[in-house]
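A.B. asks: The primary structure of each chain is shown beneath.
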Amino acid sequence: ETGVTQSPTHLIKTRGQQVTLRCSSQSGHNTVSWYQQALGQGPQFIFQYYREEENGRGNFPPRFSGLQFPNYSSELNVNALELDDSALYLCASSLTSRSGHNEQFFGPGTRLTVL
Amino acid sequence: AQSVAQPEDQVNVAEGNPLTVKCTYSVSGNPYLFWYVQYPNRGLQFLLKYITGDNLVKGSYGFEAEFNKSQTSFHLKKPSALVSDSALYFCAAHNYGQNFVFGPGTRLSVLP
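Those sequence lines, one after another, are chains A and B.
Heads up: the first sequence is residues -13 to 101, going by my numbering.
Heads up: the second sequence is residues 90 to 201, going by my numbering.
Quick caveat, the hints were computed from the structure, so don't treat them as lab data.
Only a predicted model underlies this, so the values are computations on that prediction, with no experimental measurement involved.
Heads up, a few of these hints could be off.
In silico SDA-like links for lysine to any residue, alpha-carbon gap of 20 Å or less [said to hold, decoys possible]:
#, chain 1, residue 1, chain 2, residue 2
1, B, K138, A, T82
2, B, K166, B, V102
3, B, K138, A, S83
A short, non-exhaustive set of chain A residues, derived as facing chain B with CB atoms under 7 Å [what the hints assert, rightly or not]:
#, residue
4, P29
5, F31
6, G42
7, F92
8, G93
9, P94
10, G95
Just so you know, even glycine gets a beta-carbon here, dropped at the ideal spot from N, CA and C.
I would like the entire structure built from these sequences, with the hints used as guidance.
C.D. replies: What follows is the structure in structure tokens.
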């Protein structure tokens, strides 16, 4: 186990709704990254948060937004859900240091189904 | 654009035989390279990483990977496969100040 937890495990929503996914990072880590993994594909980077600020973003529209809290936990919010948003959402925590090497530890994921 | 390729969607190997899962990357500079494994309905589990130094990296569960800079490859290997190794394997690359880029994954099936 990595010590990274995500909630909920599964979620079913309908098109147009909004969803919030949560992630608790591993103790001692200051950085959280979010990924979308569609069925049969590799994880696609959504964005990363470091010290409560967005620190990099992938090719995802603004309706994907996030937060990082002082305890380094994080939320991923998706507005106006679309059918293609159905995927496994993975959170990864890491420790960003001067060396720049930030090995990531993944949570079990939240499976989102949009009907 | 930076990318990671895993040319095989599926690799089948008999239990006890050696296995290789291939990975090539197109990332600027000197990236860090990783292998992760994913079991059904689970998140990604770290196997091993290459940062610098010896081109042969040893990781968890008897896995190892060979870094080849001239071929921009980082193939995952194991001398003797187990049925329990059957899973989805992802190669990833990361440069300082940049984001992780994952390959599409290779499904490994180890047949008893």
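A.B. asks: Take the hints in turn and mark each one as holding or not.
C.D. replies: Against the structure, the hints:
1. With a CA separation close to 16 Å, the supplied pair K138 of chain B and T82 of chain A stays within the 20 Å bound.
2. A hinted pair counts as satisfied when its Cα atoms are at most 20 Å apart, and K166 of chain B with V102 of chain B qualifies at roughly 12 Å.
3. Simply put, K138 of chain B and S83 of chain A have alpha-carbon atoms about 17 Å apart, close enough for the 20 Å limit, and the pair holds.
4. Hint status for P29 of chain A relative to chain B: holds, with the closest Cβ pair at about 5 Å, below 7 Å.
5. Against a cut-off of 7 Å between C-beta atoms, the interface hint on F31 of chain A holds, since the closest Cβ of chain B lies about 5 Å away.
6. Given the 7 Å rule on beta carbons, the hint for G42 of chain A holds: about 5 Å separates it from the nearest Cβ of chain B.
7. Satisfaction of the interface hint for F92 of chain A is found here, the shortest Cβ-Cβ separation to chain B being roughly 4 Å, below the 7 Å cut-off.
8. The interface hint given for G93 of chain A is met, as the beta carbon of that residue sits about 5 Å from the closest beta carbon of chain B, less than 7 Å.
9. A distance limit of 7 Å between C-beta atoms decides the matter here; for P94 of chain A the minimum to chain B is near 4 Å, and the interface restraint holds.
10. Annotation: G95 of chain A was flagged as interfacial toward chain B, and the flag holds, the nearest CB pair being 5 Å apart, inside 7 Å.
When the structure is compared with the earlier hints, no violation turns up for any of them.
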